[in-house]
Structures are given as C-alpha cells and as structure tokens.
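Chemist: Now for the letters of each chain:
There are 2 protein chains.
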Amino acid sequence: MKTNVFGYKGHESEGSMQDFIFHISTKILFGEKTDQLAKECSSYGKRLLLVYGGESVKRAGIYDEVLEALKGLEIVEFPGIEPNPRIDSVREGIALAKKEKVDLILALGGGSVIDAAKAIAAGARCEDDPWNIVLGTCSVEEALPLGTILTLAATGSEMDAISVISNMETKEKFGWSSPNVLPKFSLLNPRYTFSVSRKMTAAGVADIMSHAMENYFSLGEENYLADRFAEGLMKTCIHYGPIALEDPKDYSARANLMWAGSWAINGLLSAGKALPWSVHALEHELSAFYDLTHGVGLAILTGPFLRHVLSEQTKAKIAQFGYNVFDLPDSGNEHRDALKAIEALEDFFECELGLPMSLEEVGIGEEDLATMAKKILLQRGAPIMGFAKLDEEDILEIYKKSLKR
Amino acid sequence: MKTNVFGYKGHESEGSMQDFIFHISTKILFGEKTDQLAKECSSYGKRLLLVYGGESVKRAGIYDEVLEALKGLEIVEFPGIEPNPRIDSVREGIALAKKEKVDLILALGGGSVIDAAKAIAAGARCEDDPWNIVLGTCSVEEALPLGTILTLAATGSEMDAISVISNMETKEKFGWSSPNVLPKFSLLNPRYTFSVSRKMTAAGVADIMSHAMENYFSLGEENYLADRFAEGLMKTCIHYGPIALEDPKDYSARANLMWAGSWAINGLLSAGKALPWSVHALEHELSAFYDLTHGVGLAILTGPFLRHVLSEQTKAKIAQFGYNVFDLPDSGNEHRDALKAIEALEDFFECELGLPMSLEEVGIGEEDLATMAKKILLQRGAPIMGFAKLDEEDILEIYKKSLKR
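Taken in order, these protein sequences are the chains called Z and G.
Residues in the first sequence are numbered from 1 upward in steps of one, following my numbering.
Residues in the second sequence are numbered from 1 upward in steps of one, following my numbering.
Treat the hints as calculated values from the structure; they're not laboratory data.
Hints may be right or wrong, so weigh each one.
[Unchecked claim] Derived list of chain Z stretches under chain G, where covered just means 3 residues or more per stretch with a C-beta under 8 Å from a C-beta of chain G:
hint, region
1, 17-23
2, 27-34
3, 235-245
4, 250-259
Computed from a predicted structure; not experimentally measured.
Even glycine gets a Cβ: it sits at the ideal position worked out from N, Cα and C.
With these hints in hand, go ahead and build the complete structure from the sequences.
Modeler: Here it is, written out as structure tokens:
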C-alpha cells in the first residue's frame, strides 16, 4: 500500500489540522529541459545507471534524445523493468549498480520504473536483501542519488519518497518509503507523454484522481485548504483526461495532467490529515494477484468502496465531492446527492475515460476474493481505519460489489 | 516589486503552459514542533543570529518559548526590524553577523523580519553594500543558512526565495530574490499567530489573496491546474479570514491561513505562467512613500486595478473569478459578471475584513500620485506588461480611482 510518508502527530484540539512535516526538495525541470539533464546528473557524479522499461521509450524517440543529452557521462544501462515492478528486477539492478560502481541512478519511465529505481538506489547502499527494505524490517540509512525522467502521468513517484514493489512468488505488493530516495531532480517534459496509449493515459488519470480522493475522503479534520486543492486537481483531471484521449499530442492536456500527477501524492493534499488510505490497500492486493494495471483496479474499486461506506457520517463529504468536483446541484438531500456524486465519478471513468468498470471485464472472478480480503487483514493485523472502518467482511463485500457494474 | 524567481522560458506552442523550474526545498515543520528547532539549527552550526522585530513576540510569550527550545545554542540577538524593513537595519545586522561570526540566521517574525533576515544572510557572505544586492547589481553567490519561525500569515517569505527591502532615503522599495536565501527550514505554528491584531490579520489575508490574484489574472496560457489551486486558496482565505477576526484563537482558521500564505507565492500558483505582477508594483511605490501596511495598500488598489483593465480581453477571466471564487451566478453577460466579481471582492475586503478601502482613509492624498506613477515607469523603463498593459497614465488613473471608494 502506498502509505503517507509524512510524520503525522495528533493535535490537541480534536477535529483540527494535524501537525505535519512537509519537505519535498525535488528540483522539477518542467518542459523542454532535456538539455539540462547532463548538468543535473554531473553534480552527483559521472557514472550513472539508466533504469528503464521496454521498447516504448525507444519507439517514441525519447531514449535517443536522452542519450544524446547525456553525452560525456558514463552510462550503464539497466532495461526491462516491468509494470508492477518486481523484487527480482530490483535485485538484479542492485547487483549491477554495485558491480559498476555507479554514482547515481537515473530512471527513465513511469511510476514502475521510478519505483524500481528507488529500491535499487536504496539497495545499492545496503547489504540486506531489498525485500526487507520493502517490508520495513531493514531501514534505509542512505541511498544513491536518484534523478527521474517521467514518461507517464500517474503515480507521482517523480516527486515523492514512496515506492511500491511486487513479489510474484509470495503474491505480495507493498509500498515503502524513505526520504533518502526522494528524487533529487525530475524532468517533466509533457511531450514525452504524447505517445502514451489510450489505455495507459486513462489508467493514469484514474490513478491521479484516486490519490486525490484517498486524501480528500476523510473525516474529523478541518483541512479546508487541502480539500480545495484536491477539488481543483480532480477538476483538472476531469477537464483534461478526455482531451488527452481525444488528441494525445494536446500539450496543455498532457502538461496539466503531468503536473497534477506530481501534486496528487507529494504531501500537498495529505498535509494535516492523518487517515490511512483505503482503496489503494484493496487494489494492491488485486494487482499482486492478477498483475492488473493499478489505475484500472482503482477505477473499478472506488465506486463500490464509496457506496459501501456511505453513511450518516460520510454522506456530507461525498455529497460535497459531487457539488465541488462535478458541479452537481444541491438537492437538499445529502444521501441522494452522495449517490449521484458516486454515479458521476463512475460515469466519468466509464464514458469519458473508457475504463473497464468491473472485475469481470478484466477477467477476475470470485475465486480469490475471500483469500485477498483475509490477507489484507492478516498483513495489517487490524481493520483499515480510514474514511470508514473496513474489516474483512467489508473488504470482501466491496470486492464482490466490484465484480459487475 | 516581488517578482517571480522561477526560470521562465517561452514555450513553442503559444497559449500553453510555459516551461519552468520548481525547486522549493524548505523543510516545513507545521504545528507544535518548537521542540525540533534546536536540532534543525544545530545541523548548520552552534552560533546563530536571532533576528526579530519589536515587543510583540515577547508579549505573546513566543520569544520565551523559542529561547527555551534553543538552550545550548549560542544566540546573538538582533531585534528591532521594522515593518517595511529598511536597508539601514539590514546593514546593521550584517555587521553584527560578521563580527559575531554566526553560523546561521534565525528569523522570528512575519514577512518583514524574514525579508530582512534574507538580506542579512546574503550580505554576511558578500563584501558589497547590501543595497546593491537589492538592486541586483551584486549577485548573491552564497549566503548564511536561514531558518524561520513565522508569527504572521501574509507574505509567504517563509517558503520562498524573495525579499523586499525599503530605502527611506531614496523612497525606494524593491524586491530581489536568490535561491541561496530560500529558508532551509521554517516552523509554522498556527498558535504563534493567535496574538496577531485584527488589523494585521486582515491585511495578511489581503496580502495572501493578492499573491493568488497576481498569478490568477493572466492571459494566454492554459494553466488550468494553477488556476484551480489559486481559486481553492482564495476560497480558503474568504472562509477563514472572517473566522480568524471573530475568534483570533480559532486553530483551524489560523492553520489554514498560515498554510495558504506559504503556497500563495512559492511557485505553485505561478508555475507555467510568465506574466509580471501589476498591483504589487503599484503598492510597493505607495508603501515606499508612505510606510503603509502592504496588505492594506493591496486591498485598496486591487478593485480600481481590475476595473481599469476590464476589457473584451480580460472580462472572461474576471467573471470566472466571480463564479469560481465567490460562487456568483453566471448571468450570461461576462462584462456585468466581471463587475459583480470586483464588487464582491471589495465588499469582502471592506465588510468581512474591515479593511480601509480608499487612499483617503489611510491619509494619502493626490499630491504624490503623479510622481509615483512616473517613478514606476522610470524604474522599469517600460510599461507593465501583465494582465493588461499599464503605462504611466494607466497607473496614475488607478491611483486616482483609489482615492475614494
């Protein structure tokens, strides 16, 4: 689960903003800044490990452009990072980084590549097996410096200290974080996302919106500013998601989505809030079992989650989401308005983004649902105490409701 | 003038988000974190120059609390920074910092104290006269590390690289900036603003809103995300400003206003936008002549500025401001809606914040207006090319319209 990495502490006056630390020192180079890459890298050393995924960055010409910009530096290549990046790849990358004595890691790709690069950066400065870093049993005292070149607007990994790694043997997928793996710099060139497919663009938008929603749907704190920021960020996704699908080379759409992705999860929307995330916990279990695209899983689960937790306590916030994000009218009946808000969200995912909206559509049946629900509870050792309390039965019910729309 | 400090560059596709660099590495300690001050300071050295203003921090007990937390460090005190901080005080502070060989500067106060501390931090590592730093004729190659403890939500100086210094001899007030004076850490304890007076609370809210508006009122770029963030930030000011005036110890109000102040001017709302600010240029001239409270001057000038620049080209953005920030209805007539938006803003300043809304109310008559308008143009060497072009006549007309509401 992607957990918040900021040091929360309860505040004495209940219901008010929680104390927090915000410290995101990543230098963002936004736009046509590829020519500045070599200078940024050089300040950390001459020898870098270039971590990337498959052929897509080569087909799009991004790889050539980046290599041209890095002339004069010594580059050790480590391609082949898969979606839902695996601990085996991380182990390989660490061995290579150690053998080649690189000075820094440069990730070229989306969230999966950057998350793997974070684990490699930490593991290269640690003798323990990296799965123990993911499990949190080995603390990250130091790491190689990390730079990123983002090619997909989605996870926000380019501007946060979080990484999510999967272990296919144990069917586990966990988030971990350390301030030592926060990227030193990230190049965000919206043009590098022009070639992202319809499916991945849509899944990315759902991922960004989900990050905003995980922070937004909380109770008992007065984080007015963070909630207004979250609404603005979600409106941006709703406005530009369909435009990017329609015209993948629309610069404004790609630029706004890219920048929104970075701010959805770097602490701006969660500062002062203390609640754990819910939908991500459920989704990570799904994609650990089925290697599902993260954003697709989130889009499927969010509606059923919100309907399940809709109550006297939560209805006002869900209704507010409808008024402020989807501009729905206030009917005077919060419960009804909350249901309309959930429908508007699902309609957006389905009709505007063209995302699958049921587990069955992505080939997932009922067979593993109970096992997954049990596993979430076992791993946490306690119910999820987020927007609403979720125990094993709740989680199973949300999964079951997600089978069909 | 507070100018943007981020490296803008025009983007090839006109009308889209401009390229930029965003790099705000300040570590924010938000809430009851005074106990962490000594640790933060110690990482930069043992000997610090404590820069503060007058008796208000002593009366409020903040000074004692901070000194208690800093036990074990060697503290050289430099009190007496005035509102609209003056270059003479900066010179004194630099001499003291050099003589006492301090390792870091710790600013305890609002924007004036922090702005002065920035100039002292830079000047202590430079042989030139600090007024040349302000004028930009001497570049800031290095600076002493700076930490801040904020006691007033207003200027955002705690999380940006900008400083504004006045020269009473020459009646000049200029902004300057350098990444080297960006605070290393800032303690934002909303409780430390409980004792801020009604007048200064209201002026602070106007200052924060003005920063958001200077970024918001722009043309020709598609910075949808930044504009939605700006609207959310302004809504926060409108919601909590009156609450803080009503109950100065309302934690949520003070916390949200404090956090809003930091984000109004640190680059989040201006990233991707390239236009210079307008109202600040006009106000800095006013407060250089009259030692007026910055936020009060901004509140007086904003309405007349917006009315003056209202045109076919600008009406849509001003009307949008009314719809999205003040929840005004869309009448179908953008010009009329823009006028209503300006009225709503002025009513908020006057009726909700109790701010003076004309130059006459703050004792400023017509006598110096022409001189000031001329001086702004002389100093810039060209009209202000912001939301609308402002030459000397435009500026004088805005000043004249500001005499009475």
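Chemist: Hints first: check each against the structure and report whether it holds.
Modeler: Evaluated hints:
no. : hint    : in the structure
1   : 17-23   : holds (count 7)
2   : 27-34   : holds (count 7)
3   : 235-245 : holds (count 4)
4   : 250-259 : holds (count 5)
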